[in-house]
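Go by the hints and put chain B onto chain A.
Protein sequences, first through last, are from chains A and B. Counting in the working numbering, the first sequence runs from 1 upward without gaps. Counting in the working numbering, the second sequence runs from 1001 upward without gaps.
Rather than coming from a laboratory, the hints here were simulated on the basis of the structure. A portion of the hints provided could be inaccurate.
[Unchecked claim] In silico lysine-lysine, DSBU-like type, Cα no more than 35 Å apart, as pairs:
(1) B:K1166 / A:K25
(2) B:K1293 / A:K9
(3) A:K142 / B:K1214
(4) A:K140 / B:K1293
(5) A:K40 / B:K1293
(6) B:K1371 / A:K9
(7) B:K1145 / A:K9
(8) A:K25 / B:K1050
(9) A:K106 / B:K1214
(10) A:K106 / B:K1371
(11) B:K1050 / A:K140
(12) A:K40 / B:K1151
(13) B:K1050 / A:K137
Bear in mind that the values here come from a model prediction, so they are computed numbers and not experimental data.
The chain contents come next:
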Amino acid sequence: MSDLLNLLKSNARLTNAQLADMLGKSEAEVASEIAALEQKGVIRGYTAIINEELTDNTEVEALIELRVTPKRDTGFDDIAKTIMLYDEVESVSLMSGKYDLALTVKGKSLKEVAMFVSQRLSAMDGVLATATSFVLKRYKEKNILIEEEERDERSMVW
Amino acid sequence: MNYDNLIAKRVGKIKPSGIRRFFDLAATMDNVISLGVGEPDFSTPWSIRKEAIDVLERKKIVYTANSGMQQLRESIARYLERSIHTSYDPTHEIVVTVGGSEAIDIAIRAVVDPGDEVLVVEPAFVCYSPIVEMACGVPVPIQTKAENHFKLTADELREKITDKTKLLVLPYPNNPTGAIMTREDLEAIAEVLRGTDILVLSDEIYCEMTYGRKHCSIAEIDGMRERTILVNGFSKSYAMTGWRLGYVCAPAPLTTQIVKIHQYIIMSAPTVSQYAAIVALEECDAEVEHMIKEYNLRRRYLVEAFNRIGMTCFNPEGAFYVFPSIQCTGMTSEDFCEKLLEEEHVAVVPGNAFGECGEGFVRVSYAYSLKHLMTAVERITRFLERHGGKA
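Chain A extracted, bound-state conformation:
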């Protein structure tokens, strides 16, 4: 991946001027590279990483493992695309290993999520089994620590 993308991944709020300094390019070059990446769909969006514990958000989040039967022509794509349509579903990934699709689902309560799984997901054609695990605490996301600041343990010796 390019240095530009890596920098944006670590902090999407770096200004074009700052990015230009770090990459040894001009501000205009950086601006046009980012525009091109957005245009081509390489960059799909920019979000913030939030410690939800410190907000008034009381939603719960669950990881859901799904075993499904792939379709003859389209494999897993059809069912993944149908699942994506639900607003409750935050992410959908096709996985190797014991199950096929991994979802993250958000809801107002444990019950709401559980109902969503049993009524919507399990009921879908091709879904063989589901396993729901609720997220209790988030320690690190996108390489950023959620609760603690990283402390500098170095003493000023040299």
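Chain B only, in chain A's frame:
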């Protein structure tokens, strides 16, 4: 008791490190953003730490051979072969030490007789002259210049050579300036040294930290290996400062003497660290590359930022320091650093702590996260606005 009369005179007159004094001051303040530390902010790569944990579980941690584990010395020899294309015999020409610091100490002690002159390229890390003095040698500073990007020139070297000159200390990539010596720069130095009996102590602890081109060692230059004492270590390249492991390489007649000092004062370098260092050399090229890439982003960011606000600085191609001029403020280095600390709570190190010719400059370390550097730059910009910068 009158301790003053009891302390060895040559030790008593050694000045405490200028970096130290300044850090003590910083330690008395809250909310200080430091750009002062000279060690990596990265953690030691996990595979290295894991090896140490495994070794602690499985092995007896006993002394190793005086010169270090044979397997480690073989790894070092292979590393030097691929990085600086120079062969050292692992059995007779490599001694594993307690950090680069011990390597510098025992190398100097092995060759300096009372009265011998040791040329010390300045600005430089603070340890060389005191070690020379403790060996009863005479440190002779060679002051490099900002206009030459703090490289050592052949003329500057020639000027300081006398019939008492025993050793040249060549610390590149350089702490504090970030200067490097290219092959061409070293060729010119080699030309002056050829035909003399002057030895070179080449401190290459920052050899992995070069940006845009690979490090070149003076040992690679024709006729120089025979007179070079090469010092290196794991602290900077592999973010292993606290593991205290370095090494010194030289022709066997020199290492035979160097290892004598080492065996009496140290016996052998830390055993766990030696096991871990083998993993560092054999398996961690990718981790090193990642760290260098990250340093490079920070380096470019700082160089641009300082030049923009009037603290001019050349493009430092090595180590993890920039060395901007503070001339635009009209202050001395120490004044600048003290005021910056008091007014904006940012700690940088006065350039004169590294030799007189560092006056008018400050050392800024970029062994810090970009976020940290950005906050510091904001504060320094504000400071410059009040004190004569063009910000």
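Hints, one by one, checked against the model:
{"no.": "1", "hint": "B:K1166 / A:K25", "verdict": "violated, 46 Å"}
{"no.": "2", "hint": "B:K1293 / A:K9", "verdict": "holds, 15 Å"}
{"no.": "3", "hint": "A:K142 / B:K1214", "verdict": "holds, 32 Å"}
{"no.": "4", "hint": "A:K140 / B:K1293", "verdict": "holds, 23 Å"}
{"no.": "5", "hint": "A:K40 / B:K1293", "verdict": "holds, 26 Å"}
{"no.": "6", "hint": "B:K1371 / A:K9", "verdict": "holds, 14 Å"}
{"no.": "7", "hint": "B:K1145 / A:K9", "verdict": "violated, 40 Å"}
{"no.": "8", "hint": "A:K25 / B:K1050", "verdict": "violated, 39 Å"}
{"no.": "9", "hint": "A:K106 / B:K1214", "verdict": "violated, 50 Å"}
{"no.": "10", "hint": "A:K106 / B:K1371", "verdict": "holds, 31 Å"}
{"no.": "11", "hint": "B:K1050 / A:K140", "verdict": "holds, 21 Å"}
{"no.": "12", "hint": "A:K40 / B:K1151", "verdict": "violated, 46 Å"}
{"no.": "13", "hint": "B:K1050 / A:K137", "verdict": "holds, 27 Å"}
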